[in-house]
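Peer 1: The sequence shown begins at 163 in this note's numbering and counts up by one.
Hints are computed from structural coordinates only; laboratory data are not their basis.
Incorrect hints may appear among the rest.
Listed next, the in silico SDA-like pairs over lysine to any residue satisfying Cα-Cα at most 20 Å (straight line) [what the hints assert, rightly or not]:
1) Lys378 / Met320
2) Lys374 / Ala360
3) Lys586 / Leu569
4) Lys563 / Asp590
5) Lys418 / Met320
6) Lys374 / Pro363
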Amino acid sequence: MSRKITDYFLYRWRYIIGYGVIGLTIVGLLLVAFLYAPGGLSENEMKTVVASGNLSLTSLESFKPTSIINLPYNLLQHASMALFGVNNLSIKLPSLILGGLSAVGMILLLQMWFRRNVAVLTTVLIITTGQFLFMAQNGTPGIGYIFWSVWLLVAAMMVSRRAKFLGLWKVILFSSAAFSLYTPLSIYILIALISAVALHPHLRYLMRQLLKARAKVAIASACALIIITPLIYGIIKDPSVALTLLGIPSEMPDLKENLLILLKQYFSFMSISNGVATTPIYSLGSMILIVLGIIRLSTTKYTARSYIISAWVLLLLPVLLINPAFTSITFVPAMLLMAMGISTLLRSWYQLFPKNPYARIVGLLPLTILVGGMFFSGLERYVYSYTNNPQVATYFSHDLKLLNKQLAIKSRPNITLLVSPAEKPFYDIVARHNKKLVVSTPSNTTTPTTIVSRDAYAMGKYGEPKQIVTDPLTNGSDRFYIYKRD
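Turn these sequences into a full structure, and let the hints steer you where they fit.
Peer 2: What follows is the structure in structure tokens.
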């Protein structure tokens with residue numbers, strides 16, 4: 163008796179194997195992004211370290227109002243540096259953790275909104291986009307745009323489906339919404355979701371059902387209120403904080419110039435990246451899938467899912483035009499549109515051969531080749547941009563890694579580091595977590611010091627150094643000048 167395809171081990175366990183491969187791939191990609199590409203620290207990461215390191219947890223009065231912005235992320239980074247010192251790992255660890263949790267949330271969300279085969283294929287593609295890999299290793303709060311968006315939708319879906327531990331999911335939903343408010347522009351995500359609920363009948367029905375459990379809603383609301391208390395305090399103390407969170411600039415931006423920037427970020431397929439983040443944000447293949455998703459969205463516009471995505475996109479477009487640097491806020495809608503595009507491809511093929519199992523299976527081969535090609539090309543594009551493109555490499559500094567190597571030498575119990583005034587805030591945070599290091603600004607003196615940064619060396623006279631620490635990946639590869647006291 164001939165065996166059916168459903169009898170084979172690989173077929174029966176295909177999704178478990180697929181999720182296992184995705185899990186290992188996520189871990190591997192995050193390690194590659196952290197260790198190899200770009201492997202250094204950007205200027206924004208150093209600024210975030212200063213903001214996180216200067217947080218004081220003694221009282222609300224010790225907080226500067228502007229430090230309320232991105233507070234949850236900065237607290238995580240503050241704790242990471244307190245535990246592991248100031249190094250590349252401790253700086254990027256919060257983003258790596260949130261990036262991994264975001265990937266898990268993507269799988270859960272896509273499984274609830276689409277078929278499992280679509281969820282697997284979309285997750286494979288989305289985790290190799292340059293935007294996700296960069297944000298997941300970048301030690302700045304940018305990963306929050308992905309993390310909060312994903313888990314808000316996951317929690318909302320769990321509540322709407324009355325999943326197990328419903329009370330806990332309500333707390334997660336309200337708490338995620340509250341935490342997201344600390345991230346600039348995230349309030350528009352909540353407005354989009356609320357708008358979709360107000361406009362769609364089924365979503366309104368689900369909201370009425372949610373509000374019936376008054377005790378659980380009260381507990382969840384209390385948790386959310388406690389979470390946003392520092393935010394309310396900061397806004398009352400300095401109303402400009404609210405303008406920053408809303409993404410309202412102090413001056414009217416050049417909308418024409420911003421539009422050109424956005425077009426370049428999304429559609430410059432023939433140009434080479436020359437900034438901190440690679441452009442275009444999505445590859446040509448990904449953009450085609452997103453366009454297919456938009457076409458699909460226009461034909462299924464009456465579903466709750468379509469209402470949410472449409473409200474999200476329409477609300478974010480004008481916000482993004484004013485703030486073109488915040489492209490990460492569109493990541494989750496783009497992911498959902500990509501999933502709709504893949505679903506459209508699969509459905510179109512299956513409709514051609516509704517009863518021919520061989521044709522259905524053979525049709526998966528070109529799709530597999532397409533997904534595989536997009537997977538490896540996306541990964542290659544990301545790694546190449548951050549390792550072989552000199553215009554991009556100059557935006558990342560390896561100085562902290564080089565300095566920590568010098569601090570690890572046991573024969574040097576104490577080290578004085580002379581830096582420029584612009585560098586001092588960052589290295590003060592480094593010294594605060596390393597008792598061997600004392601940081602100072604330069605002066606015109608011939609007294610030998612221990613280590614002088616490249617910028618400080620240009621500002622003073624120190625004589626001939628005993629050793630020059632270089633970095634071939636940085637323009638002007640001389641980074642530190644060492645003067646031994648012995």
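Peer 1: Look at each hint and say if it fits the structure.
Peer 2: Hint check results:
no. : hint            : result
1   : Lys378 / Met320 : holds, 15 Å
2   : Lys374 / Ala360 : holds, 17 Å
3   : Lys586 / Leu569 : holds, 17 Å
4   : Lys563 / Asp590 : holds, 16 Å
5   : Lys418 / Met320 : violated, 42 Å
6   : Lys374 / Pro363 : holds, 17 Å
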